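Protein chains: 2
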Amino acid sequence: MLKFNFQNPTKILFGEGRIADIAAEIDKDQRVLMTYGGGSIEKNGVMGQVKAALSGYRLFEFAGIEPNPSYETLMAAVQLVKEEKIDYILAVGGGSVVDGTKFIAAAVNFQGEPWDILAKQAKIKTALPFGCVLTLPATGSEMNSGSVITRRSLQTKLPFSSPLLYPQFAVLDPTTTYSLPPSQISNGVVDAFIHVIEQYLTYPVNARVQDRFAEGLLLSLIEDGPIALEDPQNYDVRANIMWCATLALNGLIGAGVPQDWATHMIGHEITAMHGLDHAQTLAIILPSVLSVKKEQKREKLLQYAERVWGITKGDDAERIDAAIEKTRAFFERMQVKTRLSDYGIEKASITKLVAQLEQHGMVKLGEKRDITPEISRQILELSL
Amino acid sequence: MLKFNFQNPTKILFGEGRIADIAAEIDKDQRVLMTYGGGSIEKNGVMGQVKAALSGYRLFEFAGIEPNPSYETLMAAVQLVKEEKIDYILAVGGGSVVDGTKFIAAAVNFQGEPWDILAKQAKIKTALPFGCVLTLPATGSEMNSGSVITRRSLQTKLPFSSPLLYPQFAVLDPTTTYSLPPSQISNGVVDAFIHVIEQYLTYPVNARVQDRFAEGLLLSLIEDGPIALEDPQNYDVRANIMWCATLALNGLIGAGVPQDWATHMIGHEITAMHGLDHAQTLAIILPSVLSVKKEQKREKLLQYAERVWGITKGDDAERIDAAIEKTRAFFERMQVKTRLSDYGIEKASITKLVAQLEQHGMVKLGEKRDITPEISRQILELSL
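Those protein sequence lines, which keep their order, are chains A and B.
Number 393 marks the last residue of the first sequence (my numbering); no jumps.
Number 393 marks the last residue of the second sequence (my numbering); no jumps.
No wet-lab data here; the hints were simulated from the structure.
Any given hint might turn out to be false.
It does not matter which identical chain is meant; a pair holds if it fits inside one copy or across any two.
When the alpha-carbon atoms are kept at most 16 Å apart in a straight line, the in silico EDC-like pairs for lysine to aspartate or glutamate are as follows [unchecked claim]:
(1) LYS12 - ASP245
(2) LYS303 - ASP38
(3) LYS37 - ASP96
(4) LYS12 - ASP30
(5) LYS12 - GLU25
(6) LYS129 - ASP240
(7) LYS377 - GLU390
Model, not experiment: these values are computed from the prediction.
Please construct the entire structure, taking both the sequences and the accompanying hints into account.
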C-alpha cells in the first residue's frame, strides 16, 4: 500500500425527505445564493422543498449553470455574489452545478485573474462556504474537493481542486432522481463506474481493502444500473446508485493506490471539441485505454475479470479480452455508445484532439505517466 | 437502505514514517500532553519518534493508561491537564489509550460530576482537541467518536460518544505494530472482524454498497489475519490489517443499515467481572448470538456464508451452521479461544452477568431490540 493522507469533512444527509433538514446546516443570518441549472428542479418539486426549508432566509437565485459548466456563465454568478454580498452558496442539481459552484466559491475572493485558477492551477486561499442538494448521481462532486470547468471560447475543459472546496454538507435524497431522463441515469452510472476503474485498474500494491471496496462499487453498479433504467422509482436501487456514485470519488478508494486518469483527460478534450456528454467520452475511451495498456495492467485486469465479471476460463489474454468486452457491453447495456463513430467523430479529428492534449500539458498520462501523445493517438484510433 | 447522517472529519496520515508529520497538525504554541499506556512505546522507538517530531513544543506526559482504561486512572490525568493548563492531547498507543484520551478530553471542562458522562450519558458541550498515533490496530477509536471506560471500583464498563470526540488526526504507521506481542494482533483482528459483523449480520435492507464493503473488510481480515501472526514484519499485511480495523468502525459501513451490538454489550460485562481481554469476550459471545438469533438473521447469514466463506452446498440450515462454525474456527485460528470454559468461567457466573446487564440497562439488545436478559442468558449458556 502506498502512503496517503485521507480527510473528508463533508456531512452526508441521506434519504427521502432530507432536504427539509438543510436549515440546520446554514446559519439563519446568512445571505444564501441558490445555484442551479435548467428548470428541472422547478418541475420535480426540489426547488419547492428547498424554498420551504429555507423560508425566512435571504435567498437569491442564479439559474443556468449548464452541463460542462462554463467559465463565462460562472463569472456572471461571481458578479452576482459580489453585488448581493452573498455569504453561502447552495448548489441544487447535478455534478455540473456543484462543480460550477465550487468555481464560484473559489473565484469570488481570488486575488488576480480567476482564469488562472484553471489555466495556471493557481492556489486559492479562501473559498465561500457552500452546501449542495444533489439531484443526479454521477460525478461524486458532492463529497470531494475537485471541479472541472469549460471555457467555451477556448474549447478548453480543465480540472482544479482545493482542500477548501469540500461541500459543507450534501443532501442525497434518492427520490429526487426519479424524474431524471434515462440518458442522465445512464451517464451517471457509467461515470461512477469509470471513476472506480481509474482508481483500481492500474498495478497491484497489495491494497486489499481498496481493491475490495472498488470491486464492491463496481458489482453494485452492475447489479443496480440496469434496474435503475427499467424501474425508475425503485427507491433502494436509486439509493444504491446514489451512494455508489458518491463513494466512487470521495477519496476513499483511491487512498494508498496508484491511479490512472488518462480516460478522463482524453475524454475532456472530446467534450470540449465535439460537445459529447462527459460519460459518453469515458465509455468510448476506457475500453481502448485498457486494451492499449493491457500488459501494464495485466495483474489487475485478471483480478477484475475474476472478481467483478466471474471470468475464470481461458488463458490470461483471453480472460483480459473478455473482461474488456464485458466492460464495453455493460456501457452499451446502459445505453451509452462506445465508439467515436457512433457520435459521428471521424479519424480526421484525432490529430486536433491530440494537439489539444499537448496544449493542455496532458503529455504524461496514466499510472506510470507513460501515456504520451503518441499513445493517446493509438487509444483514440482504437476508439473509432 | 435506511436514512442516515455520515460525517467523519478525522485526518488520516497513513504509512511508514508518518509520525514525523504530526508537528504540522498541532500549533507550535500549544501545551501538549502525551498520553500512553505501559512502556512499549519507549522500547519500540515510537516515543522517540514522537518526541523528535515535537521537539520545541511544551510536552508533558501521562503514562499508565491500562487496557480497558479506568475511570480512576483517567481522573488523575484530568487533574494533570488542569494543573498544567494543557491545550492539546496526543494519544500514543492502542484503542485503550485513545478511548481514555477521549474521556480526559471530555471530562476536563465538564460542568458537574464526570462520572455522569458514562453513567447518565450526560452530553458534553466542549472537548479538548486531540490527535493520536496508533500502535495497535483493533478498536477503530482512532477514527470515530466513541469510547468505552471501566470503573474498576464498580466492576462497570460503559460506552459514551460525542461528535466532539473525533481525533483531529490519526497517524497509522504499520511498522509501529511490528513489535506487538502476537496476542495483541490476534485480539485486534478479532475485534475488527466482529465490529464489521455487528454492522452486517442483521436483516437485509438492500444496502448493496454497505454489504459489499463489510464483506470486503471481512475477506481482507481472513486473508491477512493469519499472515500477520506468521510474518510480523510484512508491511503490506500489517498495513491492510490497520486500515481494515479503522474502516471497520469509522461509521461508513454502518451508515444506513441496522446494527446489532449485543455481542459487545454482553462482552463488556465479562471483561468488567472477570478481566478477560475485550476481543476474547467477543469471540466467545458472537458465535452464540448468531446461533440463538439464526432465524432472525437468516437471509444475511446465508449471504455471509456464500460471499465470505464460499459455502454453497447444503440446505439453508446447514449453510448457516457451517458459516457460524467457520467464524468460530477463524477466531481459534487467530489464537483466540471461543468458550467461557476456556477461560475458567463457569455456569455459576451467568446469573451475575445477566444481573449486571440489567443493572446497566442492557435489556433490549440486538437489531430488533428483542435480546432480553433471558435471551442473553441463553447466549451465555450456549457459550460455556
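Q. Which hints, by number, does the structure contradict?
A. As far as the earlier hints go, 2, 6 and 7 are violated by this structure, in ascending order.
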